[in-house]
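A.B. asks: Following the hints, complete the assembly by docking chain V onto the known chain A.
There are 2 protein chains.
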Amino acid sequence: MSPQLSITILGCYAAAPGTFKNPTSQVLGIRNHMFLIDCGEGTQVSLRLNKVKFSRIKHIFISHLHGDHFFGLMGVITTFSLLKRTAPLTIYGPKGIKEIILLQLKLSQGFTSYPLHFKELESKSPEVIYEDEVVTVTTIPLKHRVYANGYFFQEKEGDRKLDINKALNLNIDNAYFNKIKQGGDITLEDGTVIDNKDITFDPLPPKSYAYCSDTAYKPEIATQIQGATALYHEATFLESHEHLCKPTGHSTAKQAAQIALDAKVGNLILGHYSTRYRNLELFKEEARTIFEIVHLADDGTVFTF
Amino acid sequence: MSPQLSITILGCYAAAPGTFKNPTSQVLGIRNHMFLIDCGEGTQVSLRLNKVKFSRIKHIFISHLHGDHFFGLMGVITTFSLLKRTAPLTIYGPKGIKEIILLQLKLSQGFTSYPLHFKELESKSPEVIYEDEVVTVTTIPLKHRVYANGYFFQEKEGDRKLDINKALNLNIDNAYFNKIKQGGDITLEDGTVIDNKDITFDPLPPKSYAYCSDTAYKPEIATQIQGATALYHEATFLESHEHLCKPTGHSTAKQAAQIALDAKVGNLILGHYSTRYRNLELFKEEARTIFEIVHLADDGTVFTF
Numbered sequence: 013m014s015p016q017l018s019i020t021i022l023g024c025y026a027a028a029p030g031t032f033k034n035p036t037s038q039v040l041g042i043r044n045h046m047f048l049i050d051c052g053e054g055t056q057v058s059l060r061l062n063k064v065k066f067s068r069i070k071h072i073f074i075s076h077l078h079g080d081h082f083f084g085l086m087g088v089i090t091t092f093s094l095l096k097r098t099a100p101l102t103i104y105g106p107k108g109i110k111e112i113i114l115l116q117l118k119l120s121q122g123f124t125s126y127p128l129h130f131k132e133l134e135s136k137s138p139e140v141i142y143e144d145e146v147v148t149v150t151t152i153p154l155k156h157r158v159y160a161n162g163y164f165f166q167e168k169e170g171d172r173k174l175d176i177n178k179a180l181n182l183n184i185d186n187a188y189f190n191k192i193k194q195g196g197d198i199t200l201e202d203g204t205v206i207d208n209k210d211i212t213f214d215p216l217p218p219k220s221y222a223y224c225s226d227t228a229y230k231p232e233i234a235t236q237i238q239g240a241t242a243l244y245h246e247a248t249f250l251e252s253h254e255h256l257c258k259p260t261g262h263s264t265a266k267q268a269a270q271i272a273l274d275a276k277v278g279n280l281i282l283g284h285y286s287t288r289y290r291n292l293e294l295f296k297e298e299a300r301t302i303f304e305i306v307h308l309a310d311d312g313t314v315f316t317f
Numbered sequence: 013m014s015p016q017l018s019i020t021i022l023g024c025y026a027a028a029p030g031t032f033k034n035p036t037s038q039v040l041g042i043r044n045h046m047f048l049i050d051c052g053e054g055t056q057v058s059l060r061l062n063k064v065k066f067s068r069i070k071h072i073f074i075s076h077l078h079g080d081h082f083f084g085l086m087g088v089i090t091t092f093s094l095l096k097r098t099a100p101l102t103i104y105g106p107k108g109i110k111e112i113i114l115l116q117l118k119l120s121q122g123f124t125s126y127p128l129h130f131k132e133l134e135s136k137s138p139e140v141i142y143e144d145e146v147v148t149v150t151t152i153p154l155k156h157r158v159y160a161n162g163y164f165f166q167e168k169e170g171d172r173k174l175d176i177n178k179a180l181n182l183n184i185d186n187a188y189f190n191k192i193k194q195g196g197d198i199t200l201e202d203g204t205v206i207d208n209k210d211i212t213f214d215p216l217p218p219k220s221y222a223y224c225s226d227t228a229y230k231p232e233i234a235t236q237i238q239g240a241t242a243l244y245h246e247a248t249f250l251e252s253h254e255h256l257c258k259p260t261g262h263s264t265a266k267q268a269a270q271i272a273l274d275a276k277v278g279n280l281i282l283g284h285y286s287t288r289y290r291n292l293e294l295f296k297e298e299a300r301t302i303f304e305i306v307h308l309a310d311d312g313t314v315f316t317f
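The listed protein sequences derive, respectively, from chains A and V.
The numbering used here puts the first residue of the first sequence at 13, with every later residue one more than the last.
The numbering used here puts the first residue of the second sequence at 13, with every later residue one more than the last.
Since the hints were derived computationally from the structure, they do not count as laboratory data.
Treat the numbers as computed from the prediction; the structure is a model and nothing was measured.
Please note that the accuracy of each hint is not assured.
List time: in silico DSSO-like cross-link candidates among lysine-lysine, alpha-carbon distance up to 30 Å [claimed, not checked]:
#1 V:K118 - A:K136
#2 A:K118 - V:K168
#3 V:K230 - V:K107
#4 A:K107 - V:K155
#5 V:K168 - A:K70
#6 V:K65 - A:K33
#7 A:K155 - V:K65
#8 V:K110 - A:K107
#9 A:K63 - V:K96
#10 V:K155 - V:K168
#11 A:K33 - V:K33
#12 A:K33 - V:K155
#13 V:K70 - A:K33
#14 A:K33 - V:K96
#15 A:K107 - V:K118
#16 A:K258 - V:K118
#17 V:K155 - A:K193
#18 V:K107 - A:K131
#19 A:K110 - V:K65
#20 A:K110 - V:K118
#21 A:K118 - V:K65
#22 V:K70 - V:K131
#23 A:K118 - V:K131
#24 V:K33 - A:K118
#25 V:K33 - A:K110
#26 V:K118 - A:K155
In isolation and in its complexed conformation, chain A is listed as follows:
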């Protein structure tokens, strides 16, 4: 069975891009959706390298307006136009992002070949910013030097799974299959009522993904994302540099793990490492003193849950 959640890390390093160390960007696959989260410089090239189809991206979520999280956005928007995209694209991000983009489009005398929409954010409380039949996206207010949001992607409970053999044995017409998947009982021609549970399986439990970068340690995050399948939490520093967290608005690996523990998530993914560190395994070791299931993001890594 294909995974319900996949996370492709395009870049996961803090601050200035280095040679082969990309700034933040990732692609979340959740059911039929493909969401781009943050968009550091070079993201469009990373999308190509990781063979992500540009046309599948219809929503881009920007956490905050520091360059290592959005300097690649204008390039993505422009390239989509060069490719003569027609499908709408919606950008979610802090208030001001629309002005940045429209000013540059105006000065380049450029227009997008597709409808470009914006949802600018300024609330300091969680708000649902996207919802359709399969997924809800809610902001996760973060604690950083500038206004910043993480994003909580929650799959909705899917339809029940039809036990096709039982349905065929009972001669149920396939015209009823959708009703059954939606939980309905069935009355056969002889009047027998078939309980829905007798001809269906429970759906897969819905999955969820919490993206939290950049942020200082903020316990309220754990309250909001209880039981998430996976949490990506920034870990810019090791505990040995904890004194740098307050002035920079970042977290240590240990603090990220504390959020994972308190939120009882299934998996913790660490990223946004300061480039001062050479051995990323130290982040995993530090986090595992608090929380067991820890994964290290790296450029090009794909996680599936």
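C.D. replies: Same frame as chain A, but now just chain V:
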């Protein structure tokens, strides 16, 4: 003898960056100067890969406000700050560039760690925009879909070279050496006047570099850059696609060569190739039907003259 001119191609492809095909940016070394010309997305990483010292770049010249020529600029400006640069940086480019940069700095609540100056351009005639004791930089008005300038970098004539052996044989005190290099005659203690030409060599002829991208064929360029040591002229298309030049504001390899011929330049460098072409040698072959000394730019190539 070290070259007076060096051109490091960081990127030379048109439109959207591809994997291993960078958009436009190059570094000109001229005497003690290192100028950055255009700054497509990913330029800061290319600078690192090509081992260009960030601190040596004090002036950045942007031709026009299409993304493939300036989407890397915010990243460069920001990274210079992260590196705690203190030396001033001046940006030359079309009117509007200052607003784009200051808006993004404001929204990221960022300040540069160094003085950031702007020289915004809007004249449609050539104008001297930088001058010091060794070099003059003049705009080259181009013909593109948006307001665009090339840049003409002209070395000034240097001091005369002292014939040190003759000077020592004549017992000339080294206190006079600077005067001699600047062309002065010398009167010896016995009253003999030594003609400057007898104890000096001519200085190296001054060199010059004309950067012209993006532009449609514009004969006036040749008039302005007569005798340039090297001309970088865009060649987005081959002659077989000449019909695309007018709607896009670009040139063919043959048209670039015609400018080189009419301007009697020493060398023609072609670049800004459309990514539709796989065999760049065709550009060289086409240009050489008009002008002999043709070089092909490619990412990472260094030319010295």
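A.B. asks: Taking the hints in turn, state whether each one holds.
C.D. replies: Hint by hint, here is what the structure shows:
1. Between V:K118 and A:K136 the alpha-carbon distance is near 20 Å, which keeps this suggested pair within the 30 Å criterion.
2. Taking the CA atoms of A:K118 and V:K168, the gap is near 39 Å; set against the 30 Å cutoff, the hint is violated.
3. Of the supplied pair hints, the one linking V:K230 and V:K107 holds, its CA atoms being roughly 22 Å apart against a limit of 30 Å.
4. Proximity of A:K107 to V:K155 is assessed by CA-CA distance (about 36 Å); at most 30 Å being required, the pair is judged violated.
5. For a cut-off of 30 Å, the pair hint linking V:K168 to A:K70 is broken: about 54 Å separates their Cα positions.
6. Proximity of V:K65 to A:K33 is assessed by CA-CA distance (about 19 Å); at most 30 Å being required, the pair is judged to hold.
7. The suggested pairing of A:K155 with V:K65 is violated, with an alpha-carbon distance near 35 Å, which exceeds 30 Å.
8. In summary, the hint linking V:K110 to A:K107 is supported, as the alpha carbons are separated by about 20 Å, within the 30 Å threshold.
9. Restraint check: the Cα-Cα separation between A:K63 and V:K96 comes to about 36 Å, which exceeds 30 Å; the hinted pair is violated.
10. Of the supplied pair hints, the one linking V:K155 and V:K168 holds, its CA atoms being roughly 28 Å apart against a limit of 30 Å.
11. Restraint check for A:K33 and V:K33: the C-alpha separation of about 18 Å stays at or below 30 Å, so the hint holds.
12. Between A:K33 and V:K155 the CA atoms are separated by roughly 38 Å; this puts the pair beyond 30 Å, and the hint is violated.
13. Taking the CA atoms of V:K70 and A:K33, the gap is near 26 Å; set against the 30 Å cutoff, the hint holds.
14. Between A:K33 and V:K96 the alpha-carbon distance is near 20 Å, which keeps this suggested pair within the 30 Å criterion.
15. A distance of roughly 12 Å separates the Cα atoms of A:K107 and V:K118; the hinted pair therefore holds under the 30 Å criterion.
16. The hinted pair formed by A:K258 and V:K118 meets the criterion: a straight-line CA distance of about 22 Å does not exceed 30 Å.
17. With a C-alpha separation of about 63 Å, the suggested pair V:K155 and A:K193 falls outside the 30 Å cut-off, and the hint is violated.
18. Taken as a hint, the V:K107 and A:K131 pair is honoured in the structure, with Cα atoms around 29 Å apart against an allowance of 30 Å.
19. Taken as a hint, the A:K110 and V:K65 pair is broken in the structure, with Cα atoms around 34 Å apart against an allowance of 30 Å.
20. For a cut-off of 30 Å, the pair hint linking A:K110 to V:K118 stands: about 14 Å separates their Cα positions.
21. Restraint check for A:K118 and V:K65: not satisfied, since their Cα atoms lie roughly 33 Å apart, outside the 30 Å limit.
22. Restraint check for V:K70 and V:K131: the C-alpha separation of about 13 Å stays at or below 30 Å, so the hint holds.
23. For the hint pairing A:K118 with V:K131, the CA-to-CA distance comes to about 20 Å; that is within 30 Å, so the pair holds.
24. A distance of roughly 26 Å separates the Cα atoms of V:K33 and A:K118; the hinted pair therefore holds under the 30 Å criterion.
25. Pair hint V:K33 plus A:K110 holds up; C-alpha atoms about 29 Å apart against a cutoff of 30 Å.
26. Between V:K118 and A:K155 the CA atoms are separated by roughly 19 Å; this keeps the pair inside 30 Å, and the hint holds.
Hints 2, 4, 5, 7, 9, 12, 17, 19 and 21, counting from the list given before, are not met by this structure.
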